[in-house]
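Position chain B relative to chain A; hints supplied.
As they're listed, the protein sequences go chains A and B.
Take 1 as the starting number for the first sequence in my numbering and just add one per residue.
Take 1 as the starting number for the second sequence in my numbering and just add one per residue.
Heads up, a few of these hints could be off.
Unchecked claim - Below, a list of computed lysine-lysine pairs in the PhoX-like style, where the Cα atoms sit at most 20 Å apart:
(1) Lys63(A) x Lys212(B)
(2) Lys253(A) x Lys349(A)
(3) Lys349(A) x Lys279(A)
(4) Lys279(A) x Lys212(A)
(5) Lys279(A) x Lys224(A)
(6) Lys212(B) x Lys60(A)
Source of the hints: derived by calculation from the structure; they are not laboratory data.
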Amino acid sequence: MLEEEPVSLHEAPTRSLNMIEAINEALDITMARDPDIVIMGEDVGFFGGVFRATAGLQTKYGKNRVFDSPINECGIVGAAVGMAAYGLRPVPEIQFADYIYPGLDQLVSEAARLRYRSAGEFIAPITIRSPFGGGIFGGQTHSQSPEALFTHVAGLKTVIPSTPHDAKGLLIAAIEDNDPVIFFEPKRIYNGPFDGNYDSPSKTWKSHSGGKVPEGYYSIPLGKARTVREGSAMTVLVYGTMVHVAEAVLEAKGVDAEIIDLRTLVPLDIEAVEKSVEKTGKCLVIHEATRTSGFGAELAALVQERCFYHLEAPIERVTGFDTPYPHSLEWAYFPGPVRIGEAVDRLMKD
Amino acid sequence: MAESPVRSGKPRGNLPPLEFHVPEPRYRPGDTVDYSHLVIPEAGTVTRPDEACDARDTWPLTTDLIRVLDDAGYALGPWNPHLDPETLRRILRMMALTRAFDDRMYRGQRQGKTSFYMKSTGEEAISVACAFALAEDDMVFPSYRQQGILISRGYPLVEMINQIYSNRADRLKGRQLPIMYSAKDYGFFTISGNLATQFPQAVGWAMASAIKGDTRIATSFIGEGSSAEGDFHAAMTFAAVYNAPVVLNVVNNQWAISSFSGFAGAERTTFAARAAGYGIAGLRVDGNDALAVYAAMEWAANRARANKGPTLIEHFTYRAEGHSTSDDPSAYRSAREAEEWPLGDPITRLKNHLVALGEWSDEQHAGMDKALAEDVRAATKEAEKNGILGHGLHHPFHTMFEDVFEELPWHLREQAEQAIRERRTKWPEWKE
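This is chain A alone, in the form it adopts within the complex (with noise of 0.2 Å):
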């Protein structure tokens, strides 16, 4: 694993891109240096996909490296290992992450199994990319957030970019991988970043330092976590489009909190999480996804064990609520600034 950036990040010059833009990009970049690299998914071909991320690259790539697949997420996966098997670094989409599930048995018993039951033999470089989470109105089957269900499983790396810098930087890493990756896109800040406010106008990544993208070729290791403020009151650890939403409302309440933006799951950067959490004391864990056996149950009790007596108020959990993810009370299920607003409040009471 890399351990530092490289330098080229920082010297390139950048321009103002959505994340979708920043996606098709690292795409692009890594198809044009790997031959080996092929896209395939529901609508990715000619039509570019369903939010764009693939526009052009059949045009640019051909038929034979970026191209529509049957609606049927088993075979795709499966066709995947398949063609990793042959040597391939296949770059499927899954249309919506709440699409995944008919593809599990293929990620779960033979993806993320293959290095090991082969003894290194075969291996699985594949990079699944699919836009999860709510917020845009999506219902309950455009909306969820399934990423514990992949951090569950030994073998499967969880990548989840919460900016356009960091969607290029890490989906570049991805694909570089030489093992399965899970490659969630926060779809409701794909235009721009979210504070949770959803009765605001929204906004885009013009006016964020997240949205400015290095030009070129760049990557950010898997398996390290972004320091989005340092502070001294609490640490937040957050993924996705919380990240932007905790920002927001620890700022309107004026606490001087450390956000941590985990951009992977795992493997997680378990030192950035033990490190502001010895120097802050306090612990709050956000998410979309529900709330029972959710990756904050994991964060939390990595925390407990490691930085017990560091911790002077209990870990803060703030999530989605245990119910499928309504359409027309999509504000109610998530957890937005109130909910945040609670727990952080609790926790500076202590």
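Just chain B now, with coordinates in the frame of chain A:
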């Protein structure tokens, strides 16, 4: 709002109750067996369409049965592959070696040398003849009963036994259930215990081969029982959509553990007939006839290699023994089924053919069997030097945590340390 006066749907009237159907095999333990319902055409009577034909031209063959060897041991008809006697003897030898190996490994399991074994008795023609009809570097995505392919490709028996014993020389480091081999250098994909997953993977491999302009094709094998999995539909759909250079085989051995083929749909149609719904070529072949199997695989491989598309082959056969060493078929099926199977034994049939040709004799056959049993015995002794299951001669302890990922992440490093600590607590003398 007022209720609408108009509603759709017609009155049902007075109807008999609906009936729920649960398939039931014809024979249970103790039953006499009558196979007269099976339609078995004479050898040599089925037409052989051109390998480049339209897929639909094969569909009559999906409910027929391609047979080459007749009861007297002669090879007949357009599917006769006209193999020279030396090749026939090599196929016979590999089938006999597979059976000898199975017998020895079965005994080894009963003697406690390993936990588990699966024989392919009665199905040797399918693996071995397919291996001979393919190029040696065509990629095989096998199920757990294609040991005949590995053996035919010359994979060392000692390596197979090391894997079965999970000993310190096991290339798979003792991680896989016995017989779940992996041999990339022999074009043999790592076997999964999850059924039918290899079917769409084979299609993906074939797609990759076509993407790269390669000339190698892929083939995969599943049982008729697991053809009920969604993976079968995924594989057939992808194979059809991308015209993938792949040969998909369903080995219909009538039984999936205790579930007869009716639970995969055999009461309604043949497994080969599924090809028609996807618009790909389909063949149904006598799986106990090595020449018919060879001819069908050769036809399909040539077709795939010529970019004419995928083929589904149903190999109609009978699982002569239990599903595995953990299974007792006398609890659910009649022993007479295997004894009276109308398509005979594949080794006996090929042997009779060579004898009929004047190219083989009973004495030669007995001599070969004796020599093969000795070869297997010698390989077993050799492998046992590396240990048998549970006798300490396994791979170094730390390998348990390797290969989960390319590099060991912190959490696995910590868990490895814990595992070693636990071991030292239990066996203070233990050294890695």
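A quick look at each hint next to the structure:
1. For the given pair, Lys63(A) sits about 12 Å from Lys212(B) by alpha-carbon distance, which is consistent with the 20 Å threshold.
2. A threshold of 20 Å between alpha carbons decides the hint, and for Lys253(A) with Lys349(A) the separation of about 13 Å falls inside it, so the pair holds.
3. Our distance criterion of 20 Å between C-alpha atoms is met by Lys349(A) and Lys279(A), whose separation comes to about 18 Å.
4. Among the hinted pairs, Lys279(A) with Lys212(A) is inconsistent with the structure: their alpha-carbon atoms are about 30 Å apart, more than 20 Å.
5. Between Lys279(A) and Lys224(A) the alpha-carbon distance is near 19 Å, which keeps this suggested pair within the 20 Å criterion.
6. Distance restraint check for Lys212(B) and Lys60(A): the Cα-Cα separation of roughly 17 Å lies within the 20 Å cut-off, and the hinted pair is therefore satisfied.
In the structure shown, a violation is registered for the earlier hint numbered 4 alone.
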